[in-house]
Structure formats: structure tokens, C-alpha cells
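Chemist: Each chain is listed here by its residues.
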Amino acid sequence: MSEEFKVEIVNPEKSFFSDDNVSEVIIPAFEGEMGILKDHISIISFLKPGVIRILSKNLEEKFYVEDGIVEFKDNHLSVLTSSIFNLKNADKVEIDKSIRDAEKILKNSELDDNKKFIIEQKIESLKSISLS
Amino acid sequence: MPSLDDLKKRITSVKSTQKITKAMKMVATAKLRKAQENAEKGRPYSEKMNNIILNLSNGVADKDNSSKLLVGTGKDETHLCVVLTADRGLCGGFNTNIIKKAKSHFEDIKKKGKNLKIITVGMKGYDQLKRNYENQIIKKITFKESKNINYFDAEKVGKFVLDKFENQEFDICYIFYNQFKNVMTQIPQKQKIIPLQKENTEETNEEENINYEFEPDEDEILNNLLPKNISTQIFKAMLENSASEQGSRMTAMDNATRNAGELVDKLSIEYNRSRQASITKELIEIISGAESL
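So the sequences go chain by chain: A and B.
For what it's worth, the numbering used here labels the leading residue of the first sequence as 1, then goes sequentially.
For what it's worth, the numbering used here labels the leading residue of the second sequence as 1, then goes sequentially.
Hints are computed from structural coordinates only; laboratory data are not their basis.
Hints should not be assumed to be uniformly reliable.
[To be verified] Below are the DSS-like pairs computed for lysine-lysine, each with C-alpha atoms no more than 30 Å apart in a straight line: (1) K147/B with K190/B; (2) K116/A with K34/B; (3) K14/A with K25/B; (4) K62/A with K41/B; (5) K25/B with K97/A; (6) K68/B with K92/A; (7) K140/B with K73/A; (8) K107/A with K147/B; (9) K68/B with K127/A; (10) K140/B with K14/A; (11) K88/A with K9/B.
[To be verified] Listed below are several chain B residues computed to face chain A (Cβ distance under 10 Å; list not exhaustive): (12) R10; (13) V14; (14) N55.
The beta carbon of each residue, even a glycine, is placed where N, CA and C say it ideally should be.
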């Protein structure tokens, strides 16, 4: 099948994940979720906290990311992020802790709308992870 | 002429030094492999980041309104220099080379009558610079506690630099570090990170100028990306630095071990000679004593 393309997730320390044959990737782009299929137009965007879903023929991978940049070019999707973990290895205690931390930040400080939005997103997506 | 006992003592002491340098060399070799691996693994991230920024900055039409991190403040008054060195010594010319490079840059700045601010990362850099530039050092950072270089540490440095930039405490920022070429060679580097230095060697192929879709628009992405790029560049420098440090230490310790070996050989010959000399002397005394009877 030729409906597949290459995806690569890199964090500063190493190449975190890479797969040559994925059929769809759903990324939490800053202005809303975005599904990317083969032959998508070249695009650069950045991420808000949320879940990246990578769908290939027979498996589905889910990663939680906090921020990052995506670039899609010539059927090659690169995701650059500094904070990422696989949902399979998610630790519930850890997640709950970061939810509490984020809520504290939200309450205490005066943030501009942009940062507020990002933290709200973070709490929301972490909560949904923790529930599932 | 040292006595036999003295020589013996010296030989043992050189031998034990040799043992230490040999052990350090082996440790450095093991660490080098890891550091090198890390440096290589870290490269794709910073390269990709660079590429994206390059593409973006080409696309920015309105240069005047774009981020100050990209085009600079328009002034050239205060320079901030981030000097990255090791926390430990005994690694040959590693620290000295960076410091030398940094110092010549500092002198340049001073000659031009500009203000200078220094951030040192790593103990050795601070130790060597405090003598001449105590007042210019605004912060010293060390990551002695963290075993491996991680992005979190680099981000701390990056945040600090960015805060200072936002408070308009400097206009131009340089980082100094050693680039790892191979085990024998490390090249001290000076890199301008604010405003961003475009690599001039970049050949502008046609394919580089792909029209990207941007979401949200270029400016917003760029504003989001540039601060991250600072931390990324610092992180890259730290990785290169740690590989260089281990490489440099390995070579230095290898040399030290060899020198110690040569010294032991030389001392052993001297020891044997003087032992033989004293035996001969005793024999002569006995013989001449017997003859006179």
C-alpha cells in the first residue's frame, strides 16, 4: 500500500521514535488537532500539550507531549519536542502530581492569556490521560 | 648523586602515578564512548531545529517587526558571553583552549569600548576567569551534581539568558565551547546565538525554498521557536563539550602514562648503574685491601 509515510519524533537527547510506515498521525497543533495523511501539503506548526496518535496498519501508538514543533515535508513528518512520554509507560502518580503543579501555577501567578491557555490545555489533557 | 634508597622511592612514586593516569585514561575512554554517542544522538534535533528556523526566517517578509532574537536589538553596546568549560581539570588543554579563545574575544570587546558580561558554565572556567574578569562575571553555573548532561540543565541556562535579554541587559550573545572533531582534535568555537547567526555557507538549493503552510502564521511560530532554539544551541554546545572533555582527557592521560613509563625506565637504568657502581667500589676496596697485606 502506498498510503504510508515516514514519521520521526526527536527530543534533544535522542531520536525518540521513528517509523517508516504509518498511515495517519494526529497531532495536537496549537490551533486545534490536526490529522496528517500522506501527501499533506508542507506545513510547519507548533504543538500545545496533548496526545500524539500514530496510526499504522496494525498498531496505534500514543504519546503525550507538552510542546514542540512539527514539520511535514516530502512525506516526512518530524516532530521536535523536549518533553514527551509514551502513554504505555505513563505513571499515574506522576501525572497526578504534574496536574496539581500545573493547577498551582494557574492559581498563583498572573499569566498572559497565551500561557494560561497552554496550562489549561495541559491540565485538561493530563486529566483525560489519568482517567483512561 | 641520589642514594639507592632515594632512587627506589622515586621509581615507586612514578609507578603509582602511572597507575592513576592509566586508570583515568580508561575511565575517560569509557565515558568518551558514551558522550560521543550522546552527542551524535543529539545532533538531529538541533539540525532540524536549525533547518526549520532557516526556512522560517527566509519566509519572513517584514524583517523590522520580527522577533528581536532574530534580528537583534539594533544596538551593539553590551555583549554577553557564555563560556562553557568542564567542572574538572586534568584534561590537557581543553579548558585553557576555550578560555584563550574567550579571552581574546573579551579583549576585542574591551578595546572597542563595549560593555562585557560573562556567564561561566563549569567550575574551571570560573576559576580561570575570575582573576581578570571578576567584576564582569554575572553568574557562574555548574552542573557538578548532574551525572549526565540533560536538556533540563541546558534549559536552565537558556532561560537565564533569555530573562536577561528580555530585561535588555545585553544586545549580543556569544557562546564558547569546544567542538568535538575526533579524539585528538577539539576545536574551540565561538558562536553567536543572539541575534541568530545564519550559516553563510548554506548553499541555497532550490528545494530549500519550499512553500510551507504555516499554522498559525510565521511570526508566531518564530516567536515560539526562537527561545527554544537558544536552549537547544546551548544543549548542543554542552554535548559537544562533554565529548571533547573526555577525548581531551583521554589523550592527556595517555601521554602522561607514556611519560611516566619513560621516566621509570630512565630511573631504573640509573638505579642499576649506581648499584653496580657501589658493588664495584666495594670489590676494589676488598682487592686493594688484600693486596696491601
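Chemist: Check the hint pairing K14/A with K25/B against an upper bound of 30 Å on the C-alpha distance.
Modeler: Distance ~27 Å between K14/A and K25/B Cα, so the pair holds.
Chemist: Mind checking the alpha carbons of K107/A and K147/B for me, to see if they're no more than 30 Å apart?
Modeler: violated (34 Å)
Chemist: When you check the alpha-carbon spacing of K68/B and K127/A, does it fall within 30 Å?
Modeler: violated (37 Å)
Chemist: Taken at face value, is the distance from the CA of K9/B to the CA of K88/A at most 30 Å?
Modeler: Measuring from Cα to Cα gives roughly 62 Å; hence the hint is violated.
Chemist: Is it true that the CA of K62/A sits at most 30 Å from the CA of K41/B?
Modeler: holds (22 Å)
Chemist: Within 30 Å, alpha carbon to alpha carbon, are K140/B and K14/A?
Modeler: holds (28 Å)
Chemist: Checking hints one by one. Is V14/B an interface residue toward chain A, by the C-beta closer than 10 Å rule?
Modeler: violated (42 Å)
Chemist: Would you check the hint for K147/B and K190/B, treating anything up to 30 Å between C-alpha atoms as holding?
Modeler: holds (26 Å)
Chemist: Given the hinted pair K140/B and K73/A, is their alpha-carbon gap at most 30 Å?
Modeler: Given pair K140/B, K73/A is violated - Cα atoms ~41 Å apart, limit 30 Å.
Chemist: Compare the distance between the alpha carbons of K68/B and K92/A with 30 Å, and conclude whether the hinted pair is satisfied.
Modeler: violated (41 Å)
Chemist: Between K25/B and K97/A, is the straight-line Cα distance small enough, at 30 Å or below?
Modeler: violated (43 Å)
Chemist: Holds or violated: is there a CB of chain A closer than 10 Å to the CB of N55/B?
Modeler: With Cβ-Cβ at 7 Å, under 10 Å, it holds.
Hint compliance for this structure: hints 2, 5, 6, 7, 8, 9, 11, 12 and 13 are broken, all remaining hints hold.
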